[in-house]
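Number of protein chains: 2
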Amino acid sequence: MSGAGPLQGLVVVELAQMLAAPLTGMLLADLGATVIKIEPPTGDATRRAGQEVNGLSSWWRLFGRNKYSVTIDLKKPKGRDLALRLIDDADVLIENMRPGKLEALGLGPAELHVRNRGLVILRVTGWGQSGPYKDRVAFGTQAEAMSGFAFGNGYPDGPPTLPTFPLADGVAGYLGAYGVMAAVWRRDRDPEKRGQVVDLSLFEALFGLLGPQATTFDQLGTVAMRQGNRSPVSVPRGIYRTRDDRWVAISCATEEIVARGFAAIGRPELIEDPRYSTRQARRERIDDVDEIMQDWIGRNDLQTVVSRFTEAQATVAPVYTIEDILQDPHFSARETVVEVDTTDIGPIKIQNVFPRFDETPGAVRWSGREVAGADNSEWLIERLKLTEEDFADLRNEGVV
Amino acid sequence: MSGAGPLQGLVVVELAQMLAAPLTGMLLADLGATVIKIEPPTGDATRRAGQEVNGLSSWWRLFGRNKYSVTIDLKKPKGRDLALRLIDDADVLIENMRPGKLEALGLGPAELHVRNRGLVILRVTGWGQSGPYKDRVAFGTQAEAMSGFAFGNGYPDGPPTLPTFPLADGVAGYLGAYGVMAAVWRRDRDPEKRGQVVDLSLFEALFGLLGPQATTFDQLGTVAMRQGNRSPVSVPRGIYRTRDDRWVAISCATEEIVARGFAAIGRPELIEDPRYSTRQARRERIDDVDEIMQDWIGRNDLQTVVSRFTEAQATVAPVYTIEDILQDPHFSARETVVEVDTTDIGPIKIQNVFPRFDETPGAVRWSGREVAGADNSEWLIERLKLTEEDFADLRNEGVV
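Taken in sequence, the protein lines are chains A and B. Using the working numbering, read the first sequence as starting at 1 and increasing by one per residue. Using the working numbering, read the second sequence as starting at 1 and increasing by one per residue.
In short, the hints are calculated from the structure, not lab data. Don't take every hint at face value.
As the list claims (entries may be wrong) - Keeping only pairs whose Cα atoms sit at most 35 Å apart, straight-line, the calculated DSBU-like set for lysine-lysine is:
{"id": "1", "chain 1": "B", "residue 1": "K134", "chain 2": "A", "residue 2": "K349"}
{"id": "2", "chain 1": "B", "residue 1": "K349", "chain 2": "A", "residue 2": "K134"}
{"id": "3", "chain 1": "A", "residue 1": "K101", "chain 2": "B", "residue 2": "K349"}
{"id": "4", "chain 1": "B", "residue 1": "K349", "chain 2": "B", "residue 2": "K193"}
{"id": "5", "chain 1": "B", "residue 1": "K193", "chain 2": "B", "residue 2": "K101"}
{"id": "6", "chain 1": "A", "residue 1": "K385", "chain 2": "A", "residue 2": "K193"}
{"id": "7", "chain 1": "B", "residue 1": "K101", "chain 2": "B", "residue 2": "K385"}
{"id": "8", "chain 1": "B", "residue 1": "K134", "chain 2": "B", "residue 2": "K193"}
{"id": "9", "chain 1": "A", "residue 1": "K193", "chain 2": "A", "residue 2": "K349"}
{"id": "10", "chain 1": "B", "residue 1": "K193", "chain 2": "A", "residue 2": "K193"}
{"id": "11", "chain 1": "B", "residue 1": "K385", "chain 2": "B", "residue 2": "K76"}
{"id": "12", "chain 1": "A", "residue 1": "K101", "chain 2": "A", "residue 2": "K76"}
Stated by the list, open to error - Computed from the model, here is a short list of chain B residues facing chain A with C-beta under 10 Å:
{"id": "13", "residue": "A45"}
{"id": "14", "residue": "I325"}
{"id": "15", "residue": "I348"}
Every value quoted in this text rests on a predicted model; they were computed, and no experiment measured them. The beta-carbon is built from N, C-alpha and C at its ideal position, and this holds for glycine as well.
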């Protein structure tokens, strides 16, 4: 059973483009679910999104991995019928159209549940299925701005700062996979085996992990301001420049770790010094604290800094680029990055399946299909029992 | 069944402190699982972490919500025995001790699986259960530095930038909840009903959502540099200052949205101008593009900017603080923030349960227990059938 993944037997149909919903689909496929991605006959827009490798988006190669690709034009009645037949046999439908669009295609939850009452339907949008902004166009950037993330990210003397990767989509993709499995588990225990609709919004997925800001504002009136690399909880905490022009991150979240950190830089006496012996005291002299750290770190090479802090059981980490990651022995020992074959450019490097299951770990079986409809034959002809002639007709009509 | 949550019937024991693993526990509890948090008799360290509200951490109030609190000293043999008896009846154990510590307490997976073969064990650590760094002390900061996140966050002329909230813990908490449910689902379908160990590391959880950087570096040799509010995919994309000194985020991920954005600022002709008509062209003149956007936005108030972009079906969002969030009609309509009662300070505001299930939505039933061991009576006396005298003895011995 090893390699098969814990979700072997779960069948998922994905009607979704960039990026949160396809990430949920990828997580399910990584753990062994059968994920059938329906693309328009012209190919999913994600195939052309972002940086391309040999004419095919690297995002597609990642987020499309382990999924089957079937092409269907949902706007054509015959296409809708094919999609319905695939969904009839599925446990889960993942979609991220704007609210109402699925219904307009004749694929709304009410209709689907008449045919397949056990279907779990994950609906992913920027603003959710309800509320005054539900019809607004939204990408992750809007969620990053309105959840409170951007306001708190960056420097006090600079503007709010967005991430340079799709953070809101990423966290929503993770949360969506949880939502799907919670709904599937409940369905399986329900005497009537009923599926339900799970409404996942990017803004709430990100807001949900920003911490207790609603409570602290409500009770204390505080709004967390941008503070660069500093932290409200941990002093010292920052990114410092080493003598060999590398960056290193230090954080001291407990008093014990602070003492070890001061010992690591050869200043164990500081933890007894009333100017630095409590978090409150250090916070009041935070510029001094950062200067003490930067001074010692700036006189040592990265390797020395990491060794000294590690030996002292303090917390330290070099700031890595992907180039560093690919050379690191820990990433290597854990096979955090693996190789997977492609039909056009041979093996490529790609992240492994996370988290790790000791009995049924799942695997990267293939990367995003190079050709849209690569699995039409298996799913439309073999499973739905179209004849070759029917299929050729549908192709000529632009349905598949 | 409404309000009960899809995970009603799932029993989870949590042996975990700040922050990823307790977030997983919270997500499970939010959806109706019975989550029994075992604290040391002196109380969990999270009770004193970060900003306090009336002497109790706001993080605790959030991450402890919907959980039962039971106090047990695991280092005492009688304490271990109580924990084992609770775990015997559980579906899931969540723990985040350093690798080997659970085993040293006599609570390792091998021993637990002898007693309860169906137990799913989620193990959350900074570096995972294997590899050369597994014994290093690690908090989220180290994962944020070594996953590649920090290097890419911030400005090209500034240092790598860490988040000011526990991002790595947050994404790992989300991914852990998915991992738990995938393992539970597999166990339930396994003829032998076997649980397994799920190894979740903070660094891989975060690395897993940073995108296809391994592929692009491997194939193209590119390393994504910090670029402030700009994006490699979307031009224009940024945060701009309005006339009334607010910030607004704009992103234009597709050519259609770019055209609408230019129309929104009264410059529809730009999309026909060869200097701005393709993403490649705009990227080459990105300073000009940002200046054009900032110029118009700087001459208008936030309200006008948002209205104009929204009417044009372009993407726009004000940069919100938590204060803005609590006043916003969309957050309000969706009840993104709700009130929950406490025993010490009355009702407090707290985020709702995400995502939203239409049949069994779950609920915020209570916030983190104000008193450690608040549920000892229910779980130790009633469920484990300790007598009041036994319980009093255990209390005197410091076991509970």
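Hint check:
no., hint, result
1, B:K134 with A:K349, "24 Å, holds"
2, B:K349 with A:K134, "24 Å, holds"
3, A:K101 with B:K349, "34 Å, holds"
4, B:K349 with B:K193, "41 Å, violated"
5, B:K193 with B:K101, "27 Å, holds"
6, A:K385 with A:K193, "27 Å, holds"
7, B:K101 with B:K385, "29 Å, holds"
8, B:K134 with B:K193, "30 Å, holds"
9, A:K193 with A:K349, "41 Å, violated"
10, B:K193 with A:K193, "20 Å, holds"
11, B:K385 with B:K76, "19 Å, holds"
12, A:K101 with A:K76, "14 Å, holds"
13, A45, "8 Å, holds"
14, I325, "6 Å, holds"
15, I348, "5 Å, holds"
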